[in-house]
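Two independent chains are provided; combine them into the complex using the hints.
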Amino acid sequence: MSHLSQERARDRIDKLNIESIVEVICSALSCGATGYTFSTHPTNSRILSALETSGKVPRQFDLYPVVPYAEGYVRLANEKGMTGLVNEILSRLSLSDRAKLLVEGGFSALRLDPAGMLKTYLDAELKGYLSTKPKNATLQSVLLHEVLTDLCLGLGETGMLNVFAQHLRENHHVTPGFVTYNFPRFIKLFQEAGLSLKDVVIMTPFNSLGYQMSPSRESCEVCLSNLHEGSVIAMSIMAGGFLSMDQAIEYIQSLPGLSGIAVGVSTRQHAKDAFAKLAVL
Amino acid sequence: MGILHAGITNSISGANVTAICEKESFLTTAAKAFLPKRIAVYKDYQKMMTEEQLDAVFVTTPIGTHASIVNDLLKSNTTLSIFVEKPLASSYEEAKVVCEAATRSRGVHMVGFQKRFSPVFQKAKQLIEQGIMGDPMFFRGYCFSSDVLREGSAWRFRKNTGGVLLDSAPHLLDLLIWFFGEPTRTMAIKKQVYSSEVEDYVHAVISYDSGLQGHIDACWSVSNFRLPEFLIEIYGRDGILTVTDDYVKFMPGRGSTKMGGAQTYHRQSFETSPPFLLADIDYTMEDVAFLNAVRTRAAPEPSFLQAAKVNALTDQILVSCKKG
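If you read the sequences in order, they're chains A and B. At position 141 of the first sequence (counting the first as 1) the number is 141 in this note's numbering, and the numbers step up by one without a gap. At position 287 of the second sequence (counting the first as 1) the number is 287 in this note's numbering, and the numbers step up by one without a gap.
Excised from the complex, chain B in its bound form (with noise of 0.2 Å):
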């Protein structure tokens, strides 16, 4: 993710990528002898934090690193801005004590949930907003690849650190909390297929006060998945609204007074072209967005403390699935 991130940022316009910084020996070889001659690599980065000059600080390690290493960055340099992948932090409490050291930096700070940034689920999060389908119901929703169809050995199948939980699910965590806020209980199961220490399924029950409910379905060893898939349906008194990364749907219901119509929105009818495209035109337009706060210090959208929100739902699926 790193260096999709630096390939993105260094081609939009008044930003430039000086250093990166990479643990591992042999990578930091092969970036020295593979980047452009003006981008410094550096193995630590706190020396890097010493020697260079940086406006702001892409995060993109192991998801167990986050917490530690943006405590060093801001405690460093107390302007520095700070984009981290998600998840924030492997738990709640590791994201509360960044939020924390966060509110002390005259930095901006924003957490690569880039599902927001996807023309798609921002057309969803609009209809919702309009009321298309009436009073939500309830929903469902899923995650779902073929990453994992044998034990891996990398970061991301180590016990507190990894598992689809804090891999893949966070995206459609921050999705429903983007869509309805923050949920007030769940309950939940997990399975593991195919690793030895953390889970390759989850399914859980997921509350709010409202009286809105649903499940959510998260497992990266389905097979046949080519790419990750993102699926969230609601069903409202007025209709069924269905979001994945391709389209939006609205279904409206028998006796609707919603007029128009089955209504369906390709991604393709309605999104405009990024000034950099490299893999997905999500990843620039949340680039952008940081970038731009970055310029203009606005608050960038989802904070850390939005991203603290998914760490504190992560942290209620676990225990559930501890209480069985």
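Here chain A stands alone, though its shape is the one from the complex (with noise of 0.2 Å):
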């Protein structure tokens, strides 16, 4: 991947392809990765079952995923209104998705209850994912899209976030995740409304030029040093590709308390080059 230019990210793209992108994961895992962050496109759960046909696998290894796919949902509200969008998302439940709405969500299309429909939603986004989860990978945390993180976080409404939380601990056993770019917002609102963030992930943006940093650089360093509870995963360590990885690490190395980093790879080469150097962290 490439955020530095959407030019740069295309002319890329168009030389991947399932297999190389195998490679690309295979290689990453022997040089030490421990992951594999994804979005649910659907491409990705190609790769899953690529990954698991291949036998190329070199370790066990954890999965985190990112839900929900936000920018094919944007395009299909573009093309059929919002209306229309959510009537794509119920005709892509299975029937029985379809009953288990409306009778576990307490009729919940009838009188939207969105904390049911959110639960059913979520299990059917991920269900065809954990089908094709390899053997050897472990599903250790899902994480919610900073899309609806933050949008939860600006209208100060916490209440869907602990759904989302506590329905992935009870009913899928699996740590809840939340991506935001406004990692001291989401720690304030989280502790105000009581909400643990024990066992809970936190992938945010940490690098030396406070890109996508929000507020700013300083408030998201002051929070993780104060921060006791929670796991956090660094994302953006290379501002979208603007800083090398040795500039990275020297900033990286500054930070307490982080629990992982997520770096995006894109060749063999890349991967061994770039966890090579993430070896000394």
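Heads up, a few of these hints could be off.
[Claimed, not checked] Quick list of simulated restraints, FRET-style, between CB atoms: (1) B:Arg226 to A:Leu258: 27 to 33 Å; (2) B:Pro36 to A:Val222: 23 to 29 Å; (3) A:Val222 to B:Thr264: 28 to 34 Å.
[Claimed, not checked] Derived pair list, reagent style DSS-like, types lysine-lysine, alpha-carbon separation capped at 27 Å: (4) B:Lys32 to A:Lys80; (5) B:Lys249 to B:Lys123; (6) A:Lys80 to B:Lys43; (7) A:Lys135 to A:Lys56; (8) B:Lys190 to A:Lys80; (9) B:Lys159 to B:Lys190; (10) B:Lys309 to B:Lys191; (11) B:Lys32 to A:Lys188; (12) B:Lys37 to A:Lys188; (13) B:Lys96 to B:Lys249; (14) B:Lys23 to B:Lys43; (15) B:Lys37 to B:Lys96; (16) B:Lys23 to B:Lys47; (17) B:Lys322 to B:Lys191; (18) B:Lys191 to A:Lys80; (19) A:Lys188 to A:Lys198; (20) A:Lys80 to B:Lys159; (21) B:Lys309 to B:Lys190; (22) B:Lys249 to B:Lys125; (23) A:Lys56 to A:Lys272; (24) B:Lys323 to B:Lys159; (25) B:Lys309 to B:Lys125; (26) B:Lys159 to B:Lys322; (27) A:Lys80 to B:Lys23.
None of these hints come from the bench; they were simulated from the model. No residue lacks a Cβ here, since even glycine has one placed at the ideal position from N, Cα and C.
The structure is reproduced here in structure tokens:
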């Protein structure tokens, strides 16, 4: 992947196919990567299947899917309108999921129980990925996409975040996770709402430029150093490809309390180089 | 777009979202269920205006409804500040009526051309004003996306209120007006690829009295564009300036007197942290600018009058397309 420019990202996509992506992931795992984070884009389900059938996965590893595949739903909303989007999502559910939506959700489609709808949707979204999960992979956490996490933060609505977390813990026995660009606000609202950060994964940008670190790099650093619960995974450590891995590591090394790093790689060599350097951490 | 602006606005210090209006029954019910209880949900904006004490309203409805809703809002409250998602209206005639009505209002009025709040396009504007590429001779620009790869059924695919010319091309046209002022002549063609009522592709040659000329392509049916992409490339006597959503690049011409050689500014190098980040910094900075204008009563940009120029240009392009 590349966030430095869309042109570059498109060039790279052209060169990637499922087989080469599997090679990149296996190289990364051989060089020290311990997990794989991905959106629930349909291609990723095929990648998981290909990983399983390749027989090349070198070790046990963890999965961190990010739900939902937001860009896909935005495109669908543009195409069909908001009501059309809802109908499309319902039509994609299996008959049993639709029945579940009506029964277990307390006839939620009729009286719109938001918690029931969210749980049913989440189960349906995850179903395809759980069925294609490689045998030596563990579903470590399911993370909520930053657009939804940050929308809830903006509206001051932590109720849905809590429903998401509880459902994953109780029904999937998985650690709930949240991607956010507003790390201090996330922690503040969670704590104010009396929600536990214990056994919560937070994936959020950390880089020396302060890129995508809202409201500021300094406040994110202070928040991290004062945090005693939760697992924080740093993302965007190279500021979307603007910083070198050496620059990124120099900054990341100065931060206390990170439990992981998410980094994008696009070739086998890139994976080897990146994870060889990250091994010093 | 409405929920996006609600989330951002509510996060900005001193602002509170107190009510929303949604016409569709299913979405109204969903909004009541999902949104915090302190936010009132209405189906009828006239009722909302009667029952709520509002300082400002964001209009994020289908383009064809902008003019009538804004006119009603201006009539119902003469101090109300209004933000309208781009474009201001679906035609220049409608836009002129809205601008006329706004002159009798004491509120502030802004249109959501958020590219003006993108750090890269702001940097490009600064470099153009500094004359980095010398006298501009011609330009090319595009806005491409993969949003429409089959026939859609939403309002943006209906005749007179949709099509790529009203949907995404206005961003590109507004940037050109922001950079160079209003053009005087256009020649254009359009094409339907997947849609049966509206165009999926527009090509326009745009000319200025100064002699500057250029062309733009707008298409929402180009495959392999994960996100919408914008590019403007300006060819001047002293070099070429290229701006995209990701970077600004200046390539000096041979024999150019400009010092410093090629220069590339990636957005990461000068993007500052916004107070709150939801989706993209451009949206936050746009909403911050509008809310500051509401507080200070300073005229925000782009104003209704500035935005009406985009409607004038889209109308010119449509007329040219019809002439063939």
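Hint check:
1. Between B:Arg226 and A:Leu258 the beta carbon distance is about 29 Å. The supplied range of 27 to 33 Å therefore holds.
2. Hint check: B:Pro36 to A:Val222, Cβ distance near 28 Å, so the stated range 23 to 29 Å holds.
3. In this structure the supplied range 28 to 34 Å holds for A:Val222 paired with B:Thr264, their Cβ-Cβ distance being about 33 Å.
4. Between B:Lys32 and A:Lys80 the alpha-carbon distance is near 22 Å, which keeps this suggested pair within the 27 Å criterion.
5. Taking the CA atoms of B:Lys249 and B:Lys123, the gap is about 10 Å. The hint holds against a cut of 27 Å.
6. Between A:Lys80 and B:Lys43, the direct Cα distance comes to roughly 21 Å. Compliance with the 27 Å bound is thereby established for this hinted pair.
7. A distance of roughly 12 Å separates the Cα atoms of A:Lys135 and A:Lys56; the hinted pair therefore holds under the 27 Å criterion.
8. Annotation: proposed proximity of B:Lys190 to A:Lys80 holds, straight-line Cα distance about 23 Å (limit 27 Å).
9. With a C-alpha separation of about 14 Å, the suggested pair B:Lys159 and B:Lys190 falls inside the 27 Å cut-off, and the hint holds.
10. At roughly 24 Å between alpha-carbon atoms, B:Lys309 and B:Lys191 fall within 27 Å of each other, so this suggested pair holds.
11. Using a Cα cut-off of 27 Å, the hinted pair B:Lys32 and A:Lys188 holds, with the two alpha carbons roughly 25 Å apart.
12. Distance hint between B:Lys37 and A:Lys188 is fulfilled; the C-alpha atoms sit about 20 Å from each other, no more than 27 Å.
13. In summary, the hint linking B:Lys96 to B:Lys249 is not supported, as the alpha carbons are separated by about 37 Å, beyond the 27 Å threshold.
14. Distance restraint check for B:Lys23 and B:Lys43: the Cα-Cα separation of roughly 5 Å lies within the 27 Å cut-off, and the hinted pair is therefore satisfied.
15. At most 27 Å may separate the alpha-carbon atoms for a hinted pair to count; B:Lys37 and B:Lys96 exceed this at roughly 38 Å.
16. Between the alpha carbons of B:Lys23 and B:Lys47 the distance comes to roughly 12 Å, so the proposed pair stays at or under 27 Å and holds.
17. Taking the CA atoms of B:Lys322 and B:Lys191, the gap is about 11 Å. The hint holds against a cut of 27 Å.
18. Restraint check for B:Lys191 and A:Lys80: satisfied, since their Cα atoms lie roughly 21 Å apart, inside the 27 Å limit.
19. Of the pairs offered as hints, the one joining A:Lys188 and A:Lys198 holds, with about 14 Å between alpha carbons and a cut-off of 27 Å not exceeded.
20. Taking the CA atoms of A:Lys80 and B:Lys159, the gap is near 16 Å; set against the 27 Å cutoff, the hint holds.
21. Distance restraint check for B:Lys309 and B:Lys190: the Cα-Cα separation of roughly 20 Å lies within the 27 Å cut-off, and the hinted pair is therefore satisfied.
22. Distance restraint check for B:Lys249 and B:Lys125: the Cα-Cα separation of roughly 12 Å lies within the 27 Å cut-off, and the hinted pair is therefore satisfied.
23. Distance restraint check for A:Lys56 and A:Lys272: the Cα-Cα separation of roughly 16 Å lies within the 27 Å cut-off, and the hinted pair is therefore satisfied.
24. Pair hint B:Lys323 plus B:Lys159 holds up; C-alpha atoms about 18 Å apart against a cutoff of 27 Å.
25. With a C-alpha separation of about 18 Å, the suggested pairing of B:Lys309 with B:Lys125 holds against the 27 Å cut-off.
26. Distance restraint check for B:Lys159 and B:Lys322: the Cα-Cα separation of roughly 14 Å lies within the 27 Å cut-off, and the hinted pair is therefore satisfied.
27. Proposed proximity of A:Lys80 and B:Lys23 is supported: the alpha carbons are some 16 Å apart, at most 27 Å.
Checked against the numbered hints listed earlier, the structure breaks hints 13 and 15; every other hint is satisfied.
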